[in-house]
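J.: Residues per chain, in single letters:
Number of protein chains: 2
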Amino acid sequence: MSTNARFAVVLVRPDSPENIGLAARGMANTGFADLRLVGLDRLEAPAWRTGIHAESILEGARFFKSLEEAVADREIVLGSTARVRHDYPLVSLAEAAERIGEYPDAARVGLVFGNERTGLTQEELGRANVRFHIPQVGRQPSYNLGVAVTLTLHAITFRSGPAAALRRDLPLDHAAQAEAGRRFSAMLDSLGFMHDTNRAFIVEKVQDIFFRMALTAKDRDVILAMFRKALEGPRERRPRPPKKAGKELP
Amino acid sequence: MSTNARFAVVLVRPDSPENIGLAARGMANTGFADLRLVGLDRLEAPAWRTGIHAESILEGARFFKSLEEAVADREIVLGSTARVRHDYPLVSLAEAAERIGEYPDAARVGLVFGNERTGLTQEELGRANVRFHIPQVGRQPSYNLGVAVTLTLHAITFRSGPAAALRRDLPLDHAAQAEAGRRFSAMLDSLGFMHDTNRAFIVEKVQDIFFRMALTAKDRDVILAMFRKALEGPRERRPRPPKKAGKELP
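These protein sequence lines map, in sequence, to chains A and B. For reference, each letter of the first sequence is one residue, going 25 to 274 in the working numbering. For reference, each letter of the second sequence is one residue, going 25 to 274 in the working numbering.
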């Protein structure tokens with residue numbers, strides 16, 4: 025039935041049932057069917073008032089305790105944010121739609137939208153392989169949640185312009201990407217890279233980098249094998265160079 | 025203040041104040057400010073609930089008795105329709121946005137949206153120089169009104185793709201286009217083209233063609249001068265050819 029069966033729309037802690045309904049209606053308009061809700065366990069009646077012709081989508085909605093569970097089976101996760109920050113790569117909606125086109129048609133995609141006022145947390149946004157924003161004039165206000173979902177889905181379904189120049193391989197699913205990040209972090213730990221004051225920071229950075237790469241199975245195998253070698257092989261501990269007291273050489 | 029000061033958004037007989045607010049919020053997001061409402065004389069409170077950060081747009085909204093009055097000062101009128109019919113030219117939203125780019129920057133544009141359930145009447149749609157639809161999957165349901173407005177404005181403000189290949193001249197304003205149609209119809213009447221059973225049909229067709237051409241002042245002067253000549257000069261009435269009874273020649 026659904027034109028875009030490989031996509032899931034994930035709403036994280038939405039406040040307004042009207043907005044959920046509006047998002048579901050936008051899904052029906054643009055050919056999406058898989059709605060996932062994080063942080064709630066039921067739908068309130070007003071969702072049906074705005075979810076015109078989207079009853080089956082609302083009835084089929086699934087509920088998850090965390091974003092991690094909601095996107096575990098996705099190979100590509102896109103996270104929407106209204107905050108344009110410059111400390112991480114952020115693409116426009118049009119670029120995000122194009123990026124999806126670079127992955128194989130088999131890639132299952134999660135499109136993630138945060139709460140109306142607070143958006144996604146840093147940790148949630150960090151799970152996204154691609155972070156995108158919907159262009160607007162001025163920095164405030166952001167789009168209504170149901171409108172933002174529909175703008176995004178419309179851009180994906182009716183993307184015009186040339187076919188993607190780049191073709192990427194199918195990434196691991198999200199759960200396996202997260203697991204690879206954890207294993208890599210554990211290896212770094214064994215190698216003595218971490219201590220109590222930097223552990224949390226390094227673990228977060230590793231996850232961030234791994235999700236940004238949207239690792240394929242081959243990527244993971246190469247990276248982990250490389251580091252396993254480093255762990256197993258004879259390691260020469262070189263003495264730390266003495267702390268420099270003088271000027272740095274250019 | 026407004027990025028798109030030459031545009032007016034015209035909502036014709038909207039039922040839901042929430043949708044008016046949602047449209048106004050979409051206008052704020054995408055840099056539009058001129059909101060015109062046809063068929064109501066005040067805004068109900070719920071418009072302010074959904075019109076987040078769009079208070080000044082709602083406060084500045086103007087009320088009109090008819091679409092004709094609401095777009096009288098526009099050179100280009102675009103009418104949105106969810107009904108894809110094949111008896112008149114209909115372009116997609118992306119093509120409509122491109123068409124706007126073909127007109128001079130001085131052209132004042134009216135973007136017209138009908139009632140949530142019934143849309144624009146045939147007569148209202150006939151006033152549009154360009155009729156467009158927002159692509160969707162399947163024929164029903166149509167987009168929520170506030171969503172449709174925001175999709176349209178977003179497509180206009182953030183249009184990507186090459187600059188328009190065609191550059192058009194500035195058309196007459198809508199009131200002058202309508203007046204040219206009326207004068208042309210009156211001339212046709214004087215020439216004996218109309219009788220009681222076809223008058224309404226011909227008048228409507230003439231208006232339809234005139235609006236579709238988005239007449240410039242020069243177009244109008246040439247067309248009306250040509251027909252004035254025909255009216256003033258000696259007209260030879262040729263006898264009607266006899267009705268063909270036999271076969272048509274190939």
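Misleading hints may appear alongside valid ones.
[Unchecked claim] To spell it out: a stretch of chain B is covered by chain A in this simulated footprint if at least three of its residues, at any positions, have a beta carbon under 8 Å from a beta carbon of chain A; those stretches are: (1) 50-58; (2) 68-79; (3) 91-103; (4) 175-184.
[What the hints assert, rightly or not] Here's a subset of chain A near chain B, in silico, CB distances under 7 Å, partners left out: (5) THR27; (6) ARG49; (7) GLY55; (8) SER80; (9) GLY84; (10) LEU114; (11) PRO165; (12) THR174.
Hints listed in this document are in silico derivations from the structure and should not be mistaken for laboratory results. Where a beta carbon is used, it is the ideal one built from N, C-alpha and C, also for glycine.
J.: The structure should be examined with respect to each hint, and the outcome stated for every one.
T.: Comparing the hints with the structure gives:
1. 50-58: holds (count 5)
2. 68-79: holds (count 4)
3. 91-103: violated (count 0)
4. 175-184: Coverage by chain A holds here, the residue count being 5 at a Cβ distance below 8 Å.
5. THR27: Hint on A:THR27: holds, closest Cβ of chain B at ~5 Å, below 7 Å.
6. ARG49: At about 6 Å, which falls below the 7 Å cut-off, the nearest Cβ of chain B leaves the hint on A:ARG49 intact, so it holds.
7. GLY55: holds (3 Å)
8. SER80: Violated, because the Cβ-Cβ distance from A:SER80 to chain B comes to roughly 12 Å (cut-off 7 Å).
9. GLY84: Violated - the Cβ of A:GLY84 stays beyond 7 Å from chain B, reaching only about 17 Å at its closest.
10. LEU114: Interface hint status for A:LEU114: violated (16 Å vs cutoff 7 Å).
11. PRO165: holds (3 Å)
12. THR174: Holds, because the Cβ-Cβ distance from A:THR174 to chain B comes to roughly 5 Å (cut-off 7 Å).
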